[in-house]
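Participant: So the chains spell out like this:
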Amino acid sequence: MNQLRAGQSLGPETYRVTREDLVRYAAASGDSNPIHVSDQVARQAGLPGVVAHGMYTLALAGRAVSGWVDDPAAVRELAARFTRPVVVPDGREGTHVEVAGTVTAAEGGRATIELSVSCDGARVLGRARAVVAVAGDG
Amino acid sequence: MPLDAELAGRQQAPTPPLQVTRAGVADFAAAIGATDRVHFDVRAARDAGHRDVVAPPTYPIVVAFAAMSVLLADPQVGAELRHVLHADQRLASVRPVRAGDVLTARLRVESVRHAAGATVVATSTEIATVEGEPVCTASATLMHRSGSDR
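Quick mapping for you: the protein sequence lines, in order, are chains A and B. Start counting the first sequence at 1; every next residue gets the next number (the working numbering). Start counting the second sequence at 1001; every next residue gets the next number (the working numbering).
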């Protein structure tokens, strides 16, 4: 599904996020900030509890985009403001992040996708967008 | 926190070379739940035209984060990671990272300003192979709450 047209809607994709995921992500990414592990430290930092790494949430957005174009190597740009923390409760249920996209431009071998990324019905990323290389229409 | 305007314009030395391994790519991909075989299977990656397994699109943050950690640990900055908020991030890639790459990151402090009780630091990090091939530009804004650690 590499043919993207301006105006096209993509997703939504829904991903479960648990604290176990954050522990794995901390190890794989090298970001061992304790606000992603400890409720106590997170509260001291003024957060309601353990929150996902902003880059974990952006990685989920990247995963959604990779799936939509069926090629992770086609993603050339990902950008977002981390406007609202994704609070991850303890336990197997965790929380859920939803990623939806709208193609806003597709020309010159590239497509721009505006992303809507939310948790519990509230947007967690601002000005989130991806640029993908599109085969064939360049 | 002694973060001030004199930090603006600072260009850090490149980070020590990071060898991107197949296991590192697979771990990162698994941690974000990615299942595409090009992250895990060399043959699938080669069938798709890549030299080796390719990393997920946000993988360059691993190298950029190493450069940001150097900045935060600088005695002149002295920021504790737990008091630093990642305000925004942009990753603009020339090509995906793949196993076999040896990458370094050069961080530049673009600006430092104070707003609403926080210090706001804009950074731009050039990620390249040790051979000098540009791979990704990572732009990040970091916020540090003044007074939260001293």
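Honestly, the hints are just simulated from the structure, not real lab data. Misleading hints may appear alongside valid ones.
Stated by the list, open to error - Just some of the chain A residues that point at chain B, by a computed CB distance under 7 Å:
| no. | residue |
| --- | --- |
| 1 | Y25 |
| 2 | A59 |
| 3 | G62 |
| 4 | F82 |
Stated by the list, open to error - Beyond 10 Å from chain B on every Cβ pair, some chain A residues (computed):
| no. | residue |
| --- | --- |
| 5 | G11 |
| 6 | A27 |
| 7 | G46 |
| 8 | P72 |
| 9 | E77 |
| 10 | V87 |
| 11 | R92 |
| 12 | G94 |
| 13 | T102 |
| 14 | V103 |
| 15 | G109 |
| 16 | E114 |
| 17 | G126 |
Virtual Cβ for every residue (Gly too), placed ideally from N, Cα, C.
Participant: Please go over all the hints and tell whether each is borne out by the structure.
Facilitator: Comparing the hints with the structure gives:
1. Y25: Holds, because the Cβ-Cβ distance from Y25 of chain A to chain B comes to roughly 4 Å (cut-off 7 Å).
2. A59: holds, 4 Å
3. G62: holds, 4 Å
4. F82: holds, 6 Å
5. G11: holds, 15 Å
6. A27: Given that some Cβ of chain B is not farther than 10 Å from that of A27 of chain A, nearest at about 7 Å, it is violated.
7. G46: violated, 8 Å
8. P72: With a cut-off of 10 Å, P72 of chain A comes too close to chain B, as the shortest Cβ separation is near 5 Å.
9. E77: Per Cβ check, E77 of chain A is inside 10 Å of chain B; nearest 5 Å; violated.
10. V87: holds, 15 Å
11. R92: The assertion about R92 of chain A holds, with a minimum of 15 Å to chain B.
12. G94: holds, 12 Å
13. T102: holds, 19 Å
14. V103: holds, 17 Å
15. G109: At roughly 14 Å from the nearest Cβ of chain B, G109 of chain A sits farther out than 10 Å, so the non-interface label holds.
16. E114: Answer for E114 of chain A: holds, closest chain B Cβ roughly 14 Å.
17. G126: violated, 8 Å
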